[in-house]
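S.K.: Letter by letter, the chains look like this.
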Amino acid sequence: MAIQVLIPTPLQKFTADQAVVELEARDVQGLIQALDERFPGLKARLCDESGTLRRFLNIYVNNEDIRFLNNQATVLNDGDEISIIPAVAGG
Amino acid sequence: MLGFGESSSSLPLVLTATLTSPLRSPETTYTGLRCRECGHPYEAAAHHVCSEVCFGPLEVVYDMERIKARVSRAAIEAGPLSIWRYRDFLPISSDPIDVGTGLTPLLRSKGLAQRLGLRHLYIKNDGVNVPTLSFKDRVVSVALTRARELGFTTVSCASTGNLANSTAAIAAHAGLKCCVFIPADLEAGKILGTLVYNPTVMAVQGNYDQVNRLCCEVANSHGWGFVNINLRPYYAEGSKTLAFEVAEQLGWRLPDHVVAPLASGSLYTKIRKGFREFVETGLVEEKPIRFSGAQAAGCSPIAQAFAQGQDFIAPVKPNTIAKSIAIGNPADGPYALDVARRSGGSITAVSDGEIVSAIKLLAETEGIFTETAGGTTIAVLKKLAESGQIASDETTVVYITGNGLKTTEAVSDAIGTPYQIDARLESFNRAWDQAQAHG
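Quick mapping for you: the protein sequence lines, in order, are chains H and G. Residue numbering for the first sequence follows our numbering, beginning at 1 and increasing consecutively. Residue numbering for the second sequence follows our numbering, beginning at 1001 and increasing consecutively.
Source of the hints: derived by calculation from the structure; they are not laboratory data. Even glycine gets a Cβ: it sits at the ideal position worked out from N, Cα and C. Please note that the accuracy of each hint is not assured.
[Said to hold, decoys possible] Reference excerpt, derived from the structure (chain G facing chain H, CB under 8 Å, subset only):
| hint | residue |
| --- | --- |
| 1 | 1049 |
| 2 | 1210 |
| 3 | 1309 |
| 4 | 1312 |
| 5 | 1334 |
[Stated by the list, open to error] Estimated spans, in silico, between C-beta atoms of each pair:
| hint | chain 1 | residue 1 | chain 2 | residue 2 | range |
| --- | --- | --- | --- | --- | --- |
| 6 | H | 13 | G | 1094 | 22 to 32 Å |
| 7 | G | 1351 | H | 63 | 38 to 48 Å |
| 8 | H | 63 | G | 1436 | 54 to 64 Å |
| 9 | G | 1205 | H | 12 | 52 to 62 Å |
| 10 | G | 1408 | H | 16 | 34 to 44 Å |
| 11 | G | 1192 | H | 63 | 26 to 36 Å |
| 12 | G | 1203 | H | 69 | 55 to 65 Å |
| 13 | G | 1065 | H | 68 | 44 to 54 Å |
| 14 | G | 1200 | H | 77 | 52 to 62 Å |
| 15 | H | 16 | G | 1153 | 25 to 35 Å |
| 16 | H | 70 | G | 1094 | 46 to 56 Å |
| 17 | H | 33 | G | 1317 | 49 to 59 Å |
| 18 | G | 1287 | H | 33 | 29 to 39 Å |
| 19 | H | 13 | G | 1367 | 22 to 32 Å |
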């Protein structure tokens, strides 16, 4: 399944400056794994030592925060668009 | 009003002094940025997250010894009649954009205090801040000064309304290009109060959190200075001036208890930081301060985490009239929780009905017309007072952060209507009798 991932500027040094990458994954957890396999070191930026997504990082599947879905177990489908966005202040 | 010497009682004098007071040495007091989570250091450039390690938020690092060596009560009192009298505590290195922001009144409350059974209640009224009648003028003055220093020619923000007003106005004053992003369903007064400065306004079909997400993507690709994204470490420091002014207006002492609104949690945590920095530099004596926070029940992720004893914030989808604080995914929420818990304060949510009642209560007892965020804060103050969580002799400061004329929709159905009369004495007398009968 081809999933499109929008890579934020601070992480583009891992992706050879690519702002968008395409990967295959069944769920968000698998997507993080796939990102790390293609771009080694990326997972350590996204997750803490226990593999949990860092608390100041938000992941959206088709504009929906995964915390409103099924967190890292959120199932992905062909054509989904994933955004990785650091939390920012308001407002 | 407790003021800053004789001159603060006169608006013309304030303006004159603001424009003519010399600023002190331009030597900077900040040394860089650092991750608030892991401590990793960064240069003082336009970035806001710890991209090298953990994605935590970055904050400004100061040389506190240098500040301590430079500041004194007398020097501050002789400084500009704006937030820039506290320049040594702010992260800028050039002449600031000074539009007279700050030094808003700290009122000793009588009517509201009496109604709530409090003896030492003070109201910090940023609803009359300049140029755009909210506390955002403080943070934007700092952010745009830094934006100019960093070479940005276009500035932007994701806003629930007040920030858009302020960014557009101060950008216009500074001659910077401006494009702001707001949720499309904002109050008409807040949209008009942005458009009048002629920025580009993007009204996004979505809530604030969605606007914020879009802006992060724009910030990644357009090279603009977003005051609350890539300029956020500098922007947030401006809120400290709300603490500095209160300490100075109280006669160089700290309050016992602070009640403030919570949206992203930034203002609340920076008020605490401001008081701490005044203690660290010897300007005031240390004493414990309780910090209580206010949220609208229709968007209360921090209050919910507080009530449930959680350390993490579960995001929510906002549904409240208090749009200016309707942030469902608050970036500084964990820090706000920490401040409330460590200080012995609390974070409380109130209903939209309570917010409207509180707007009316503040107006009727103090002559201050605040917006929904202020209504939220007063409603929480009332709740705390009625439940005995504020001792009557505590020096309590409640922060009013915005002006009611921007959100008239919130109260228009709850405040009655004028008597319609003819231009004849008899018509007036009849209406007057009716008015008296209605009490």
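S.K.: Now, for every hint given, state plainly whether the structure supports it.
M.R.: Consistency of the hints with the structure:
{"no.": "1", "hint": "1049", "in the structure": "4 Å, holds"}
{"no.": "2", "hint": "1210", "in the structure": "7 Å, holds"}
{"no.": "3", "hint": "1309", "in the structure": "17 Å, violated"}
{"no.": "4", "hint": "1312", "in the structure": "6 Å, holds"}
{"no.": "5", "hint": "1334", "in the structure": "7 Å, holds"}
{"no.": "6", "hint": "13/H to 1094/G: 22 to 32 Å", "in the structure": "31 Å, holds"}
{"no.": "7", "hint": "1351/G to 63/H: 38 to 48 Å", "in the structure": "29 Å, violated"}
{"no.": "8", "hint": "63/H to 1436/G: 54 to 64 Å", "in the structure": "57 Å, holds"}
{"no.": "9", "hint": "1205/G to 12/H: 52 to 62 Å", "in the structure": "28 Å, violated"}
{"no.": "10", "hint": "1408/G to 16/H: 34 to 44 Å", "in the structure": "53 Å, violated"}
{"no.": "11", "hint": "1192/G to 63/H: 26 to 36 Å", "in the structure": "29 Å, holds"}
{"no.": "12", "hint": "1203/G to 69/H: 55 to 65 Å", "in the structure": "27 Å, violated"}
{"no.": "13", "hint": "1065/G to 68/H: 44 to 54 Å", "in the structure": "47 Å, holds"}
{"no.": "14", "hint": "1200/G to 77/H: 52 to 62 Å", "in the structure": "36 Å, violated"}
{"no.": "15", "hint": "16/H to 1153/G: 25 to 35 Å", "in the structure": "29 Å, holds"}
{"no.": "16", "hint": "70/H to 1094/G: 46 to 56 Å", "in the structure": "49 Å, holds"}
{"no.": "17", "hint": "33/H to 1317/G: 49 to 59 Å", "in the structure": "29 Å, violated"}
{"no.": "18", "hint": "1287/G to 33/H: 29 to 39 Å", "in the structure": "51 Å, violated"}
{"no.": "19", "hint": "13/H to 1367/G: 22 to 32 Å", "in the structure": "56 Å, violated"}
Checked against the numbered hints given earlier, the structure breaks hints 3, 7, 9, 10, 12, 14, 17, 18, 19 and satisfies all the rest.
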